[in-house]
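Colleague: Sequence:
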Amino acid sequence: MLTHHTTFADVDYDITNFNVDAHINKNGSLTITRSIDYDFDSDAHGVYYRQNLAKNQKLINQKVSVSTNNGKTIPIKAGNGQNNTYQLTHTDDGYRFKVFHNISEDDEVKVTYTYTITNAVINWRDTAELNFKIIGNGWDTDLDHAKVSVIFNQGKKVSHLKAWAHGDLGGHIEVNRSKGQVVLTDNNVSGDVGIELHAIFPASVTPLNKNIRNEKHKQAVISQEIKLAKEANEKRKQQQLFKTILAYASLIIAVLSSGFFLSKLILAKPFGIKPRKTSELPHNYEIPDVDPVTAQILDDGDYPDERAFTAYLTQLAGKHRLKIEKAKGRKNYRITLLDPTVKQESPFLKEIFDQAGNGESFTTKKLKKIDLEDEFDDWQKDQYHKVQDKDLISRKYKDEIEKTSTQMKVSTFFIFVTFIISLFFATQMPIIPIIIAILGGFNFIFYFIYKRRTSIYTQEGASEVEKVRGFKKMLNDIGNFKMKDVGELIFWEDVMPYAVAFGLSKQVLKELKAEFGEKALQTYFTANTYYWYYGDFNHFEKSFSSSLSKSIGDSSSYSGSSGGFSGGSSGGFGGGSGGGAF
Numbered sequence: 008m009l010t011h012h013t014t015f016a017d018v019d020y021d022i023t024n025f026n027v028d029a030h031i032n033k034n035g036s037l038t039i040t041r042s043i044d045y046d047f048d049s050d051a052h053g054v055y056y057r058q059n060l061a062k063n064q065k066l067i068n069q070k071v072s073v074s075t076n077n078g079k080t081i082p083i084k085a086g087n088g089q090n091n092t093y094q095l096t097h098t099d100d101g102y103r104f105k106v107f108h109n110i111s112e113d114d115e116v117k118v119t120y121t122y123t124i125t126n127a128v129i130n131w132r133d134t135a136e137l138n139f140k141i142i143g144n145g146w147d148t149d150l151d152h153a154k155v156s157v158i159f160n161q162g163k164k165v166s167h168l169k170a171w172a173h174g175d176l177g178g179h180i181e182v183n184r185s186k187g188q189v190v191l192t193d194n195n196v197s198g199d200v201g202i203e204l205h206a207i208f209p210a211s212v213t214p215l216n217k218n219i220r221n222e223k224h225k226q227a228v229i230s231q232e233i234k235l236a237k238e239a240n241e242k243r244k245q246q247q248l249f250k251t252i253l254a255y256a257s258l259i260i261a262v263l264s265s266g267f268f269l270s271k272l273i274l275a276k277p278f279g280i281k282p283r284k285t286s287e288l289p290h291n292y293e294i295p296d297v298d299p300v301t302a303q304i305l306d307d308g309d310y311p312d313e314r315a316f317t318a319y320l321t322q323l324a325g326k327h328r329l330k331i332e333k334a335k336g337r338k339n340y341r342i343t344l345l346d347p348t349v350k351q352e353s354p355f356l357k358e359i360f361d362q363a364g365n366g367e368s369f370t371t372k373k374l375k376k377i378d379l380e381d382e383f384d385d386w387q388k389d390q391y392h393k394v395q396d397k398d399l400i401s402r403k404y405k406d407e408i409e410k411t412s413t414q415m416k417v418s419t420f421f422i423f424v425t426f427i428i429s430l431f432f433a434t435q436m437p438i439i440p441i442i443i444a445i446l447g448g449f450n451f452i453f454y455f456i457y458k459r460r461t462s463i464y465t466q467e468g469a470s471e472v473e474k475v476r477g478f479k480k481m482l483n484d485i486g487n488f489k490m491k492d493v494g495e496l497i498f499w500e501d502v503m504p505y506a507v508a509f510g511l512s513k514q515v516l517k518e519l520k521a522e523f524g525e526k527a528l529q530t531y532f533t534a535n536t537y538y539w540y541y542g543d544f545n546h547f548e549k550s551f552s553s554s555l556s557k558s559i560g561d562s563s564s565y566s567g568s569s570g571g572f573s574g575g576s577s578g579g580f581g582g583g584s585g586g587g588a589f
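Position one of the sequence shown corresponds to residue 8 (the numbering used here), numbered consecutively onward.
These are calculated hints, taken from the structure and not from any lab test. All figures in this text were calculated on a predicted structure; none of them were measured in a lab. Think of the CB as a built atom: it goes at the ideal place given N, C-alpha and C, for glycine as much as any other residue. Treat the hints with care, since some could be wrong.
To be verified - Okay, derived cross-link-like pairs now, DSS-like style, lysine-lysine, Cα gap no bigger than 27 Å in a straight line:
#1 Lys416 x Lys397
#2 Lys403 x Lys388
#3 Lys520 x Lys338
#4 Lys242 x Lys154
#5 Lys397 x Lys357
#6 Lys393 x Lys350
#7 Lys350 x Lys335
#8 Lys333 x Lys375
#9 Lys79 x Lys154
#10 Lys335 x Lys557
Said to hold, decoys possible - Derived Cβ-Cβ restraints for the label pairs, each shown as a range:
#11 Lys79 x Lys33: 46 to 56 Å
#12 Ile229 x Lys186: 21 to 31 Å
#13 Gln161 x Phe431: 41 to 51 Å
#14 Lys375 x Asp19: 32 to 42 Å
Model the full structure from these sequences, guided by the hints.
Modeller: As structure tokens, this is what we get:
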């Protein structure tokens with residue numbers, strides 16, 4: 008029988024272990040000890056347990072105890088809601104324990120109920136029967152691990168003991184006739200399914216039972232359970248067939264996906280010129296032949312980012328074509344146009360001046376509030392295509408590598424998905440996830456080899472990349488040599504935009520101040536140039552890059568006996584039993 012139960016949604020907990028020890032008594036009653044282990048993720052006032060029974064049954068001789076975090080077991084007395092007391096109420100459907108015990112988040116609590124159910128067994132003319140939903144289907148959560156032990160005839164031999172279990176098909180029942188014991192085990196028991204035990208045994212085991220039916224019933228029970236067992240086994244066969252088909256389908260998909268990709272990698276011929284590794288390059292003390300934006304593109308082999316555009320602004324300011332000054336507000340700067348031809352050279356910069364300002368100046372604060380994602384995308388593509396037009400990066404090589412990279416991602420996706428699917432069948436077919444994992448490993452190994460054999464750079468491009476990376480290496484190692492030996496301040500003024508593009512401006516500025524000194528910097532540079540370059544440059548760079556990032560959006564990047572359980576139900580009492588926390 009089912010009954011409505013309240014879910015206390017404010018309490019978050021798991022039931023990690025659910026153990027039931029039951030003994031069949033000679034008078035047909037059933038003495039039960041239930042131990043329930045809770046793992047709480049929130050505070051709670053206590054727990055409750057509901058034992059549903061048939062009309063002619065009673066719950067007697069009840070006891071409750073609690074232990075917290077493996078501490079001392081506390082006997083719980085009947086009470087009226089005080090801490091460490093319980094209330095037992097009786098309705099037409101059965102009985103309800105409400106255990107008051109203060110619980111804190113992360114507590115592990117074990118609650119043990121001991122009681123006897125009268126008239127649990129029916130003595131028929133040809134057999135005795137126990138048909139009991141021994142773990143009810145009225146739980147607020149699933150049960151991680153469940154174990155049920157039922158003792159017949161005080162643990163002595165019961166020759167004609169037969170037992171069946173109903174619940175999730177993954178459970179197991181063990182019938183030990185020599186010890187008069189039935190053991191049921193299952194993991195991840197669905198809270199709305201539970202476990203039902205149906206057992207028949209000689210009526211001599213319960214000679215004092217007064218719950219008697221004067222008719223034969225043994226064959227009816229066996230026939231019912233045979234039918235349920237056949238249905239369960241047929242369902243298992245269907246599930247197994249589905250699993251087998253899915254497992255081999257996963258393997259076939261993985262083999263085809265990986266095979267196609269691997270064949271392409273193996274047959275691919277080397278192309279492009281691979282620049283030397285940075286560790287193999289000497290320091291380059293000469294400013295690259297290319298501008299800072301192109302330098303970043305060559306270094307990364309990808310589209311330029313916000314730092315590259317900030318470097319472009321830095322270069323324009325250094326040439327006095329723009330003016331950068333502190334504006335009203337924290338981390339707010341104003342960029343003013345000094346050379347009108349700049350807008351003709353850069354459509355993207357023109358859009359910034361027109362949309363974020365009055366056509367002649369704008370602030371970083373206003374820049375944050377406008378949408379320039381499409382315009383920035385166009386600028387990125389335009390700058391990258393200029394590098395390709397100079398034949399430093401080959402369009403053909405770039406397209407081929409991107410195509411292969413996409414195929415790698417698709418193949419890896421299929422490998423990953425099929426591997427996850429195969430894990431569900433790992434116990435029955437462990438070889439399948441192993442094969443798929445090996446295929447995935449081959450994918451990465453051969454793709455790594457492919458990347459080492461191919462390059463997007465032309466001969467001229469690879470040569471320029473080495474110059475750029477040697478220059479970047481020099482900036483990165485700044486402080487290990489005398490900056491004055493490399494060049495005077497006029498040289499380092501031209502270096503700064505490259506430092507911005509490479510993300511090294513902070514350490515370059517620090518070394519400039521340390522080696523040349525504040526006074527020399529102020530003497531050499533004009534007031535405006537000194538202010539924005541050396542007095543407040545780091546703040547401006549962060550402010551502008553941050554404002555531009557918000558303007559273009561984060562997405563602007565191109566990179567019976569022993570056996571299994573039966574399903575259904577044999578109609579045992581106790582349906583709807585369960586519990587929760589409050």
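Colleague: Each hint: holds or not?
Modeller: How the hints compare with the structure:
1. Lys416 x Lys397: Violated: Lys416 and Lys397 sit about 30 Å apart, past 27 Å.
2. Lys403 x Lys388: Within the cut-off at roughly 16 Å; holds.
3. Lys520 x Lys338: holds (22 Å)
4. Lys242 x Lys154: holds (24 Å)
5. Lys397 x Lys357: holds (25 Å)
6. Lys393 x Lys350: Holds. Lys393 to Lys350 sits at ~18 Å (cutoff 27 Å).
7. Lys350 x Lys335: holds (25 Å)
8. Lys333 x Lys375: This hinted pair holds, its Cα atoms lying about 16 Å apart.
9. Lys79 x Lys154: Status holds; Cα separation ~23 Å.
10. Lys335 x Lys557: holds (20 Å)
11. Lys79 x Lys33: 46 to 56 Å: violated (35 Å)
12. Ile229 x Lys186: 21 to 31 Å: Roughly 22 Å apart at Cβ, these two residues keep to the hinted range, so it holds.
13. Gln161 x Phe431: 41 to 51 Å: holds (43 Å)
14. Lys375 x Asp19: 32 to 42 Å: holds (40 Å)
In the structure shown, a violation is registered for the earlier hints numbered 1, 11, in ascending order.
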